[in-house]
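**Q** Fit chain F to the supplied structure of chain W, relying on the hints for placement.
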Amino acid sequence: MLSPDAVVPSTQTPRGRAGLVFVPGAALLLGFLFICASSDRPVQASSMQGREAGAVLFHEKGCEHCHGVDGVGTDRAPALTTVGKRRKKAQIEHQIEQGGNGMPAYSAVLQPDEIKWLVEFLHAKRKAPKQLKVTGVPVHGDVPAALPASDPGR
Amino acid sequence: MSERGKTTRQAAWLRGTLLTAAAIGALTFAFSQVRSARAGGEANEAAAASQAYNDRISAKYNFRFGRTKPFLPSNATTETGDFIDPKQFQTADYCGHCHQEAHQQWRESAHSNANRAPWYLKNVGLLNAEKGIEFSRHCEGCHDPIAVVAGALTEGSPKKRPYDQDGVTCQVCHSIQKVDTRGTGSYVMGVPAVMVDEEGQPITTRQVSDAEILTHLDRHSKAVMKDFYRTSEYCSACHKAALPRELNGYKWQRAIFLYDEWQNSSFAKQSPLPFYVKDSVSTCQTCHMQREPLKLADYGAKKGQLASHRWLGANTLIPKYYGFDEQGRRIVQFLQNSVFNIDIFALERGETPEGGTPQTVVAPLGLTSFQVAPGELLTADVVIQNKGIAHTHVPEQRDMYESWVNFTMKDANGRLLAESGFIKPNGDLDERVHSFTNRLINAKGTRNYLHEVWNNRIVAYNNTIQSGRSQVVRYAFQMPATGGPVSITATVKYRRFDQHFVDYTVSKHYEQPVVDMVSQTRVIMVGENTPVAPGAEENKEWMRWNNYGIALLDAQQYAASLDAFAHVAKMRPDYADAYTNMAIVQILWQRFDEARPNLERSLALAPRNARALYYRALVERNEGKLDLAITDLNEVAKSFPRSRDAHRELGYAYYQQRKYELARAEYEMVQGIDPDDLAAHYQLSLVYRRLGMKERAAQEAARFADQKDDPSASAYALEYMRSHTEIANESVPWHVHELDAVAPASDHVATVSGAGGGSQ
Chain W
6 MLSPDAVVPS TQTPRGRAGL VFVPGAALLL GFLFICASSD RPVQASSMQG REAGAVLFHE
66 KGCEHCHGVD GVGTDRAPAL TTVGKRRKKA QIEHQIEQGG NGMPAYSAVL QPDEIKWLVE
126 FLHAKRKAPK QLKVTGVPVH GDVPAALPAS DPGR
Chain F
41 MSERGKTTRQ AAWLRGTLLT AAAIGALTFA FSQVRSARAG GEANEAAAAS QAYNDRISAK
101 YNFRFGRTKP FLPSNATTET GDFIDPKQFQ TADYCGHCHQ EAHQQWRESA HSNANRAPWY
161 LKNVGLLNAE KGIEFSRHCE GCHDPIAVVA GALTEGSPKK RPYDQDGVTC QVCHSIQKVD
221 TRGTGSYVMG VPAVMVDEEG QPITTRQVSD AEILTHLDRH SKAVMKDFYR TSEYCSACHK
281 AALPRELNGY KWQRAIFLYD EWQNSSFAKQ SPLPFYVKDS VSTCQTCHMQ REPLKLADYG
341 AKKGQLASHR WLGANTLIPK YYGFDEQGRR IVQFLQNSVF NIDIFALERG ETPEGGTPQT
401 VVAPLGLTSF QVAPGELLTA DVVIQNKGIA HTHVPEQRDM YESWVNFTMK DANGRLLAES
461 GFIKPNGDLD ERVHSFTNRL INAKGTRNYL HEVWNNRIVA YNNTIQSGRS QVVRYAFQMP
521 ATGGPVSITA TVKYRRFDQH FVDYTVSKHY EQPVVDMVSQ TRVIMVGENT PVAPGAEENK
581 EWMRWNNYGI ALLDAQQYAA SLDAFAHVAK MRPDYADAYT NMAIVQILWQ RFDEARPNLE
641 RSLALAPRNA RALYYRALVE RNEGKLDLAI TDLNEVAKSF PRSRDAHREL GYAYYQQRKY
701 ELARAEYEMV QGIDPDDLAA HYQLSLVYRR LGMKERAAQE AARFADQKDD PSASAYALEY
761 MRSHTEIANE SVPWHVHELD AVAPASDHVA TVSGAGGGSQ
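Read top to bottom, the protein sequences are chains W and F. Quick note: the first sequence uses the numbering used here, first residue 6, plus one each step. Quick note: the second sequence uses the numbering used here, first residue 41, plus one each step.
Next comes chain W alone, as it looks inside the complex (with noise of 0.2 Å):
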């Protein structure tokens, strides 16, 4: 099993000139790494390990590109800063990886434990940041409360 903390390069594609970009970066990445492996600290994937390298994939594997930066939400898919409260985790992994609703399924793009990951990171996601009130970016089509919670195309 992948170590959360192994995320970030093994998403990663260099190619080319981003690959120079990308050596310095992955070598004191790789380094922090090896210091924390040194030190005699577990690799266990906490809960809050789990949920920061579901907030890289969220980052990294094109989630953004509908649900937003920080999942506020955009015109092609809702928002889910507050979807922790609405869908149980089962329910977030079914829809992650069945797709449904507008949304394709990433059983066969994402691996089973960036998919865990990716449900640990959104699950979490109950609060609304206060500061999108104000700036009133939007959240079209935010999951519905008053949907059936068994519905697992939601």
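Because the hints were derived from the structure by calculation, they are not lab data. Since the structure is predicted, the reported quantities are computational estimates derived from the model, not experimental observations. We put the beta carbon where it would ideally sit given N, CA and C, even for glycine. Each hint should be verified, as a subset may be incorrect.
Okay, derived cross-link-like pairs now, BS3-like style, lysine-lysine, Cα gap no bigger than 30 Å in a straight line [claimed, not checked]:
1. W:Lys93 <-> F:Lys343
2. W:Lys132 <-> F:Lys343
3. W:Lys121 <-> F:Lys343
4. F:Lys548 <-> F:Lys109
5. F:Lys127 <-> W:Lys90
6. W:Lys93 <-> F:Lys342
7. F:Lys127 <-> F:Lys171
8. W:Lys94 <-> F:Lys335
9. F:Lys484 <-> W:Lys132
10. F:Lys335 <-> W:Lys93
11. F:Lys171 <-> F:Lys484
Selected chain F positions facing chain W (Cβ under 8 Å, derived; list incomplete) [to be verified]:
12. His256
13. Leu257
14. Ala341
15. Lys343
16. Gly344
**A** Showing chain F alone in chain W's frame:
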């Protein structure tokens, strides 16, 4: 542990850590270089394959129109100028995997069927047989773009091409990198890509997996969507077309100019000259790609809606022929959705059978009391306004399209007494019908009945109805000598093709859907006629007069038009355009002195009104007051920077003042809007010469010579008219359709409303 020992151990640990990190970094670098080298190898291989394809096609290709212009007579080209291997184009089914809704809509649209419908294939077959397959690039640049850029339209190329069935596929439109507004396929095709790389470059050298797309949707969007896809200019690349000399061996001719018609219309809000003003801008996409809720999955949707890829328009035959019932139903709705206003506006009273009564006009009908004598001869003035289309109806120079006015006269029992615009038992339309059409005539003085546009020499007459304009269609009929009221009904009808064309291209007696686009009925009593309540669709009285005035203006009935606009001014003294409209009549009537006071009245009501300023400038120029004209026109151009009329007139005024650099700038501005503006070609040929730019002057002179009308071609039109007296009157702006008593019922067939049916 001592502090020193602790420090030493920490330093050693740090050194070790950094060394390890450096080693991992070096390994990662090496790995990235390997990947980079692999990617470079893929790119080289792909480039070599593209070159090989281009060389292979070039070796046997017919470069009839020049080695550097392989795609003529289409204006299409590719980014490199080389041929593109058709295998680079993903199929529509591939895109439909994720974009199911768009795919389903597209499959039923004219785009996807552009290159498989028999009427198109037969027509192109005629061209191939008569002139050669290389000429068909003119048509295929927009009907089968993949074949054109693949270099398949040459002798000996494969007859069966899998992409032919899909016509204008997803990747055709979504791979175009650039367009200009010359039309006739004036796009630049890129090598199709479904994703760009990290640096924003299209990935064309390898297959991209679904997983890659799904995890880089932003890069997928960048590859397939560009902002200019949402503009009317984008559509102009194909929905504007000319017939170039390379096609007909004769001269450049206008064919379809939908983009220019739109750009000049009230929908674009780029010109001050339309008679009415719209609240907001409508592009091609606004009407033809309205956003609709999804029925199927489509990951390109926003807010659960997708810009329709049905491109609803007027092709009613594709849905009928292929059995696309929803497309057929939606097109009928589209055609019936406030496209026209129809108004049986007036009765002209001629002499009664007993003679003696001077001609008068009773108007507006429905609001006016009048008496009708038994047996009286009346002429109904039907005003038809093109209010909902941003281009001409019928939309293109397509004289095999049919849209016409059906006019009936019925007695109190609904019995048909007289009719114009009926369909005969053999499917042909009544020859003496009023049609919104033109007639394309060849060098033999006959019609090109099968749309052989490469043989066109002249348009014999043009009764298509422009955007925002009105036409008056007149029907003369006789009231019954005895008996009750009669009802007169005028209906605008439409079917895709005339029967002759369908018989040839589809099958004998093939029955097409006929759509009733708009209709109005009025009842005329023998004796006293009193006002009736206006219908739901009836315009306000001033607007009815206004449309009548516009129609009379286009019919060159200047006195009557002026009178109609004077009615508007009387009813709406606050309406500045009423006075401008009167001035327009007077300017066209060459009564410049009378026009000026009306323009001043208009400007008093609406100071600095661009429309009034434009026409005042025409008067000022006519009076030789060029500085005043230029001041007014500059103000117009400031408000409407893309008004080709303002820039054209400014250019001419500067030219008259011998300010050639300024004139040049104005005419070049006009060419930036329409590269084929005839006046700009002519004037720039003069202006460039004055500025010592001999080469460019010669280019413009050559274009003007190629594009100007051929005066001798009128002979072909006259020959056609002489041998077709039944429609000769249609070429006269002011004409009356005499209603005959209806023929026996067996000579008529009922029309079919709606679309649908058929089988795929």
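**Q** Given alanine 341 (chain F) as an interface hint, is the shortest Cβ-Cβ distance to chain W below 8 Å?
**A** This interface hint holds because 6 Å falls under the 8 Å limit.
**Q** Starting from lysine 93 (chain W), check that the Cα of lysine 343 (chain F) is at most 30 Å away, please.
**A** holds (24 Å)
**Q** Taking 30 Å as the top limit, are the C-alpha atoms of lysine 484 (chain F) and lysine 132 (chain W) close enough?
**A** violated (80 Å)
**Q** So if I understand the rule, the pair passes when the alpha-carbon distance is 30 Å or less; does lysine 127 (chain F) with lysine 90 (chain W) pass?
**A** violated (49 Å)
**Q** If you take the shortest Cβ to Cβ gap from histidine 256 (chain F) to chain W, is it below 8 Å?
**A** Histidine 256 (chain F) check passes; min Cβ-Cβ to chain W is 6 Å, inside 8 Å.
**Q** Given the hinted pair lysine 132 (chain W) and lysine 343 (chain F), is their Cα-Cα distance within 30 Å?
**A** Measuring from Cα to Cα gives roughly 23 Å; hence the hint holds.
**Q** For the pair we were handed, lysine 121 (chain W) and lysine 343 (chain F), check the Cα-Cα distance against 30 Å.
**A** holds (28 Å)
**Q** Taking the least C-beta to C-beta distance, is glycine 344 (chain F) closer than 8 Å to chain W?
**A** Holds - the Cβ of glycine 344 (chain F) comes within 8 Å of chain W, reaching about 7 Å at its closest.
**Q** Lysine 171 (chain F) and lysine 484 (chain F): Cα distance at most 30 Å?
**A** Holds. Lysine 171 (chain F) to lysine 484 (chain F) sits at ~18 Å (cutoff 30 Å).
**Q** Regarding the pair lysine 93 (chain W) and lysine 342 (chain F), is the alpha-carbon distance no greater than 30 Å?
**A** holds (26 Å)
**Q** If you take the shortest Cβ to Cβ gap from leucine 257 (chain F) to chain W, is it below 8 Å?
**A** This hint holds: leucine 257 (chain F) lies near chain W, its Cβ roughly 4 Å from the closest one there, short of 8 Å.
**Q** Has the given pair, lysine 94 (chain W) with lysine 335 (chain F), been kept, meaning a C-alpha gap of at most 30 Å?
**A** At roughly 29 Å apart (the allowed maximum being 30 Å), lysine 335 (chain F) and lysine 94 (chain W) satisfy the hint.
Checked against the numbered hints listed earlier, the structure breaks hints 4, 5 and 9; every other hint is satisfied.
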